[in-house]
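Heads up: the sequence lines are chains A and B, in that order.
Each residue of the first sequence is one higher than the last, beginning at 0 in numbering that gives the first Met the number 0.
Each residue of the second sequence is one higher than the last, beginning at 0 in numbering that gives the first Met the number 0.
Bear in mind the hints are in silico, worked out from the structure with no lab data behind them.
Even glycine gets a Cβ: it sits at the ideal position worked out from N, Cα and C.
A couple of the hints might just be wrong.
[Said to hold, decoys possible] Looking from chain A toward chain B, a few residues come up when the C-beta cut is under 8 angstroms (computed):
id, residue
1, Thr39
2, Tyr69
3, Trp185
4, Phe273
Residues per chain are reported as follows:
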Amino acid sequence: MAAQIFSAILVIIVGVGGCVLYFWGANKLVDLIFPSRGVTGAAAVDNLRRQGLIRPWLFIGPALVILVIYLIYPVISTLWYSVYDKTGENFVGLRNYGWALSDEQFHNSIVNNLMWLLVVPAACTFLGLIIAVLTDKIWWGTIAKSLIFLPLAISFVGASVIWKFIYEYRGEGQVQIGILNSIVTWFGGDPQVWISMPFWNNFFLMIILIWIQTGFAMVILSSALRGIPEETIEAAVIDGANPFQIFWKIMIPQIWGTIAVVWTTITILVLKVFDIVLTMTNGQWNSQVLANLMFDWMFRGLDNGRGATIAIIIMLAVLPIMIWNIRQANKEGKL
Amino acid sequence: MAQASGNSAGKSSFGRWGVHLAVLFFVAIWTIPTLGILVTSLRDKDQIITSGWWNSFFSSSQTQAGRLGAAAGQQERDGKFVIEGNIFETPGASTVSAFGTRSAAPTQYPAGTAADLGDGETLQVNADGSYIHSSTKKFEGERGQRVYYSSTVPPKFTTENYYNVLTSENVGRSFLNSLTVTIPATIIPIMIAAFAAYALAWMRFPGRAILIAVIIGLLVVPLQMALIPLLEMYNGVGNLFGVPSKTYLGIWLAHTGFGLPFAIYLLRSYMAGLPRELMESARIDGASDFEIFMKIVLPLSFPVLASFAIFQFLWVWNDLLVAMVFLGTDQEHLVLTGRLNALLGSRGGDWEILTTSAFITIILPLIVFFSLQRYFVRGLLAGSVKGG
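Just chain A, with the same shape it has in the complex (with noise of 0.2 angstroms):
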C-alpha cells in the first residue's frame, strides 16, 4: 500500500515534471536553432518567422498527439469494428446492423433510451427552471441552490445505492425500511417491488438521473434568468401583465438559447446512462438501454462486432448535436 502511494506520487512529479521539461526544453530548442536575438537584419526576421511556425505545434503537440490515440483514432477504428465479426477478423458487412434491427434486446434497448431521452431532459429543465424561479424570490435561495445542486457531485454508482435504499422493497408484513414503500403501506397500499415492475421501472431509474441533473440545470437557468435586461420586465408591468405572462411572453423567449443549451448537454448524458442501469436492474426487467447493452456485448459476450455497432448507434444519435454545436461556435466566431 505504501508502494501504490509512493508510486502515486512518483508518477505526478515525473508526469508534471515531464510536462514541464518538454515544453520549457522543446521552447529553448528553437530559441537555439533560430535565434532571434544577436542576430540583425533579414536573417532575426526570418528566424522570427520560423518560429512563429514551429512554435504553435510545439504547444499543442502533446494534446494533439493525446487526442488522436484517445479519441480521433479509436472513433475511426469502431467503425471499423462494426463491420467485422466477433473477433475482428472476418468482415461482415453490415450484417451487425441487421443483427441490431432484429434482435429484441436492442428493440428494447432503444425503446428505454427513447424514453429517458423524453423524459429525463425534459423533467430536469423543467424542474430547474421552477427552482431557479422560486429561489431567485427568498433570501434563503442561495442554500436552497446549494443544496438541491449537491447531488451533482455525486457519482451514479453512489446515487444509485442511496435510491435502491428508497426503493428497498421487505415482504409483505416486515417492517418496510425503504421510504417509498414505508409512505405506501402508510397509506395502506401493498408494498410494491419497485425496481422490476415491467415498464414503470424505467422511471424509477430516471428519476435517480433527474435527481442528479437538475441542479445542473437549475445553475444554468438561474444565471440566464439573472441575465434578462430588468427593463423588459419593468415595460411588461407597465403594460398590465400578470405574473404568468411575463414568465412565459417574455423571460422564457429571452432565454430560450439557455434551455436548449441545457437540454442537449441533458440528452447526450442521457444517450451514454450506463452505470444507474448497470448498478439498479443490469438491464433486467427490460430496463436494458443502448449503452449498458454496449458493455455487455463488450465483456460478456465478447463480440467487438456488435458492441461497436452499437457505440456507433449511440454516435448516430449525438452527431446533430455536434453539428450543430460546431456551427453555432462558427456563427459566434469562436473558430
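Chain A is already provided as a structure; the job is to place chain B on it using the hints.
Just chain B, lined up with the frame of chain A:
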C-alpha cells in the same frame, strides 16, 4: 426579475408563503435521500432492519424470541421449582413491554405480571428482562422454555459500520485506489491543455480554426466509441512488451485523453477573453510566447484552471466505466465506485455495509464540491456544452 417578484409574490402573503413552502418541498426531496444513507450508516446493524431510518431517533419496539434457563439451573423453593435469570444478554440495554410463550401470541402478557401457563406453571417477565419461571413439578429437558417478548430499544448510533467496512470489506484499499487514479488524472491534463489552449487562443497559425472545430466536435463524442479500440490497443501494447495491459498509467492517460477536449475548450474560451493589450505590450517589451504564457496568461487563468480541476476530479472520482474497462475489476484494483457496484451484487441486503460504503464514496466529492463551489459553478457556466 426583482420587479416581477415584487409584484407577483408581494401581492399576497399567501403567495409568498407558497414560494417558501414550494422551495422547502424541493429542498426536502433533494436532501432526504442522502440524509437517509448518512443516518443509516451510523445506526446499529440490528436496528437498521427493524425500523425505518426516519424512526432512528426514537425508541423502536421489536418482537424477539429467546430461551429461559434450562432445567439444570432450577432451585427448589417452598415446594416449588424455580428458574431465575434475565432474558437479555446485557441487561439494561432495552426494556420488555410484553411477553408470551407462543409465537402466535408473542405479546400475550404485559411485563411484570405473572402468567399462568397451566399445570401449575407460571412465568413472570419484568420490564428489565429478569424472569421467574416456577412450577409445582420438577423441570425436565435439556433446553429451557421458549419465550417471546417485545422490547423497546433506545436509539443507538455507532461508528462501528465505518470501522468494519474500512477494514474487512476492502473499502479502505479502494479509497486509496481511487485517490491513486484521480490525482494524476486531474493534474496531467491541466498542463497539457493549458499550453494547447493558449496556442489556440493567442497564436496565429494555419489550421487553427479547423482544430478548434475538431475539439468542439470531440466534446460530445460518447465514451463508448473509444472503449473497444483502446482496450484492444492496450492489450496489444501489453502483449508486445510483456507487461500487464491494465495499469494505473493506462487509466491516467485514458482519463487525460477523455478530459482534454473539455479542458482545452474551457481554458481557451477563458484565455481568449483576456485583454489583448496585455499580450501586445508584453510582446513589444520583447517577451516570447513562452514567457507571455508562463508569466501573464497562466497566473491570470487560475480561476478557470481551478474550475477544470474540480470538474476533472469529480468526473474521475465518480467514474465507473473507464475504471472497469481500463483498470479492471479484480480485488486489488477496484476503485470506490467499482467496489460499491461489487458490494451491491455480493452484499445486496446488508444495508449497513452498502450505506456506509456509499457514504465513504461520496464524502470526498461533497467536501471538494462545497468548499470550491464558486469555481465549480463558474466552470459550469463557461462550459455547459460539455458532453464527454
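Results of checking the hints against the structure:
Because the closest C-beta pair between Thr39(A) and chain B is about 15 angstroms apart, greater than 8 angstroms, the hint is violated. Checking Tyr69(A) against chain B: minimum C-beta separation of about 3 angstroms stays under 8 angstroms; hint holds. Checking Trp185(A) against chain B: minimum C-beta separation of about 10 angstroms lies over 8 angstroms; hint violated. Annotation: interface hint on Phe273(A) holds; nearest CB of chain B at approximately 6 angstroms, less than 8 angstroms.
Taken one by one, the earlier hints fail for this structure at numbers 1 and 3, listed in ascending order.
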